[in-house]
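**Q** Sequence:
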Amino acid sequence: MEYNPSDIEKKWQDFWDKHSSFEPQENFEKEKKYILSMFPFPSGRLHMGHVRNYSIGDAFARHYRQQGYNVLHPIGWDSFGMPAENAAIKNGAHPKKWTYENIDYMRKELVTLGLSFSKEREFATSDELYTKFEQGFIIDMFEKGLLYRKRGFLNWCPHDKTVLANEQVIDGHCWRCDTEVVQKEMYQYYLKISDYADELLEDLSKLQDGWPKQVITMQENWIGKSSGLEFDLFFDESSKEKLSNAFESFDVFTTRADTIYGVTYTALAPEHEIVSYMIENRLLDDETILAIKAMKNANSIDRQKEKSGVALNISVVHPLTGKSIPVWVANFVLMDYGSGAVMAVPAHDERDYEFAGKYGLSITPVIKPFNGELPEESAFTEVGELFNSESFDGLRSDDAKRAVIEHFESENIGKRVINFKLKDWGVSRQRYWGAPMPFVHCENCGIVSEEKKNLPIALPEDIEITGEGNPLEAHPTWKYCKCPKCARDAVRETDTMDTFVQSSWYFLRYTASKEVQQKMGFDAKELEYWMGVDHYIGGIEHAILHLLYARFFTKVMRDLGYINIDEPFDRLLTQGMVLKDGSKMSKSKGNTVDPDALIQKYGADTARVFILFAAPPTQELEWNDSAVEGAFRFLKRFNDRSSNVLTCKSIPQIQHDTLSKEEKHARKKVYEALKRSFEVYEERYTFNTMIAGVMEAMNALNEQKNADVWTEGYWILLSIMEPIAPHLCWELSERYFTCNNLSRQEIKEEVFVVDSIDMAVSVNGKKRSEIQVGVDDDKETIIALAKEAVSKWIEDKEIVKEIVVPKKLVNIVIKG
RNA sequence: GCCAGUAUGGUGAAAUUGGUAGACACGUCGGAUUCAAAAUCCGAUGCAGCGAUGCGUGCCGGUUCGAGUCCGGCUACUGGUACCA
40 MEYNPSDIEK
50 KWQDFWDKHS
60 SFEPQENFEK
70 EKKYILSMFP
80 FPSGRLHMGH
90 VRNYSIGDAF
100 ARHYRQQGYN
110 VLHPIGWDSF
120 GMPAENAAIK
130 NGAHPKKWTY
140 ENIDYMRKEL
150 VTLGLSFSKE
160 REFATSDELY
170 TKFEQGFIID
180 MFEKGLLYRK
190 RGFLNWCPHD
200 KTVLANEQVI
210 DGHCWRCDTE
220 VVQKEMYQYY
230 LKISDYADEL
240 LEDLSKLQDG
250 WPKQVITMQE
260 NWIGKSSGLE
270 FDLFFDESSK
280 EKLSNAFESF
290 DVFTTRADTI
300 YGVTYTALAP
310 EHEIVSYMIE
320 NRLLDDETIL
330 AIKAMKNANS
340 IDRQKEKSGV
350 ALNISVVHPL
360 TGKSIPVWVA
370 NFVLMDYGSG
380 AVMAVPAHDE
390 RDYEFAGKYG
400 LSITPVIKPF
410 NGELPEESAF
420 TEVGELFNSE
430 SFDGLRSDDA
440 KRAVIEHFES
450 ENIGKRVINF
460 KLKDWGVSRQ
470 RYWGAPMPFV
480 HCENCGIVSE
490 EKKNLPIALP
500 EDIEITGEGN
510 PLEAHPTWKY
520 CKCPKCARDA
530 VRETDTMDTF
540 VQSSWYFLRY
550 TASKEVQQKM
560 GFDAKELEYW
570 MGVDHYIGGI
580 EHAILHLLYA
590 RFFTKVMRDL
600 GYINIDEPFD
610 RLLTQGMVLK
620 DGSKMSKSKG
630 NTVDPDALIQ
640 KYGADTARVF
650 ILFAAPPTQE
660 LEWNDSAVEG
670 AFRFLKRFND
680 RSSNVLTCKS
690 IPQIQHDTLS
700 KEEKHARKKV
710 YEALKRSFEV
720 YEERYTFNTM
730 IAGVMEAMNA
740 LNEQKNADVW
750 TEGYWILLSI
760 MEPIAPHLCW
770 ELSERYFTCN
780 NLSRQEIKEE
790 VFVVDSIDMA
800 VSVNGKKRSE
810 IQVGVDDDKE
820 TIIALAKEAV
830 SKWIEDKEIV
840 KEIVVPKKLV
850 NIVIKG
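If you count the first sequence from 1, you need to add 39 to reach this note's numbering.
The set of hints was computed from the structure by calculation and includes no laboratory data. Fair warning: this is a prediction, and the values are worked out from it, not measured in the lab. Warning: the hint list may mix true and false statements.
To be verified - Calculated pairs, DSS-like style, for lysine-lysine (alpha carbon to alpha carbon, straight line, at most 25 Å):
1) 147 / 158
2) 245 / 462
3) 831 / 847
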């Protein structure tokens, strides 16, 4: 029969829909698998990154269904966020209408891909029901003191009177009106992720077996725990006077206490309160003030690139030597790390060295290498021996760190502290299309959380989005309300939540069955059964922020008493980006390839086979139109050659030892493919090699004519391929096996038994020949055979060594 | 800048633990079939060389009997960098 993807794909999509084939079962006795692909933002159309993500996830889900598990494989929509507002600005579309129309379209696209998602668990994070439960959690966090307000700096466009996301700032200017962007200090809501820094770091060890090493390393570095010395630097008398005695000293933090005698200057962040004081009180000249403002307004990446600074013409006193140290402002000193001030030791820190070189500041080495000289053109940052350091001279720098901190502590002039790079999570946004922060500003009571019975606090729909100001702030009536505490007139919070808040608990929400969905966010029993997620699949670009926030949120939910797990994702597969023309395919770059056209031309099975075959999932995938054809031809061949298969209801029993060489080889290839498929799902995730194995088996089957071998081969191969190309496999499986083979298949070890082995023979590590040896041949026999095979290369040469690697190779080492 | 990756034929890639580099495909070339073409099937295909053989996993160096794999130093590209999601 001809391969006609559009017919069979429609047939099976209808069949699955009619039979609700992919709903999880309520049977909690059964072993479960929770397979989750990261949910999409409904940008309008699926892109290839989605196709890749969901093809991988669907392969897991279908595989584990075949293995007999109760599988939860849900999908939903990460539907709040900036692009909906951008669309409103551009086309005048209402964010809600735009979003839900996109969802309707994309849902159909998912169906045409044949993805085995549960239907009853689907939701969008912009659904009021979702907002309702989320606002409840946020109130709990606020009441527990995990949510607080403080001032923070935001990109501000003075013309549009609006806050800009980093991506909306282009070369320091507003994306819409090109006005120069300034940093404005405003009150923001923050979640205290820093309270969980230690646990987030420690629990990474629990994820070691299930998560990629690189993600764990990135998270470790992001959390950035370091131990060091914190101490005060006191101003000298004239500087104090200059500052009108408003400040006596400031805090600095260093991880290199051993270099304390090498301090030659000290640097403050441009946002430091002393700097602000000096600007406000006109203690600096105009040029200096402009330079500092420029530092503040530069983005965080540029600030770390080209170092710049200005002297404040004030000085502090070195705590041990009493020497005078000039105070500078430096762009690379960050206000939200440590205390926003550093002691600078140019001799032993790269950044300090570069800065000192640029501004002609003095460099005093205090650590020298154990052997050899100090480098002349760079900082010496390795472990060495102290000198120029009074009583600490001669200590190793790592011992000196301890000794110096102890000295500071005993003199009561400093202390050991632990610092984290991890900053608290700013969760408020001055935007419309997000979940409103459920708080009320009352003149009497301050900030008051809304009563849970009034949730959700839903968005008004009659708004205008122009890109200027905050639409909720501008709405004529929405924000006016009564204080939940004192009932007086009050004003609603107009900030909405970061969309990372929604994606931090959506995986919990999926565990809610239909019966509980209206009543609560999730049910404890259901959650206990389904969590944690067995395989979480998503882009590597989420390695830090989303995954860290989701881990944090899970721990907070635990401490609020909602759940009792520590980590949400047992195993993580980070897929590589789908690239086109060398860069990420994304809605913001507009370099997407449309999957619909691909499906229309070749069918979903081809799209899925291609995308899984083209590269291992963790690697980047550069788009290549021409390779799709090959995937299609493979499926066509797979379909055509099924004409060799006999109809049956169970796997044929075959006497292996009666078979010809080609028949034996074909069976071996088939079971090798099966073996590999198990490895792929459990450990390796390399679907490309799994498909290659199936292709090899197909090629081997084609070398022989035994109908039973063909039939057994298809029985197994259809089972392996079903998670990848489900429509064709169900079709063939129905035709020949009444679908009886779409289940767990057993490996038959007899096919792997061999009586001879091919070994390579190399001379000095260079392959020169091959030999065939018996399974039980001893080392001497093998070496003798090998020497004969390479006699040409070794005659008249002195043999130094003979190495035999069993079942692999023989290496003869000769002299000269 | 900082953190994390990646680099193998004309192309996508394979080589699971240091042990036969290039499996499986794409493409190209040749053949069969066809009035012809498409589709399909069969065969060849790392580079250089008629060949023997030599060279070959981004670059430079090292460890080892043996390195795509381990170590040191570079280069290029990609992701993240806290308001893109």
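**Q** Each hint should be assessed against the structure and marked as holding or not.
**A** Do the hints match the structure? See the list:
1. 147 / 158: 12 Å, holds
2. 245 / 462: 23 Å, holds
3. 831 / 847: 21 Å, holds
In summary, the structure agrees with every hint in the numbered list given earlier.
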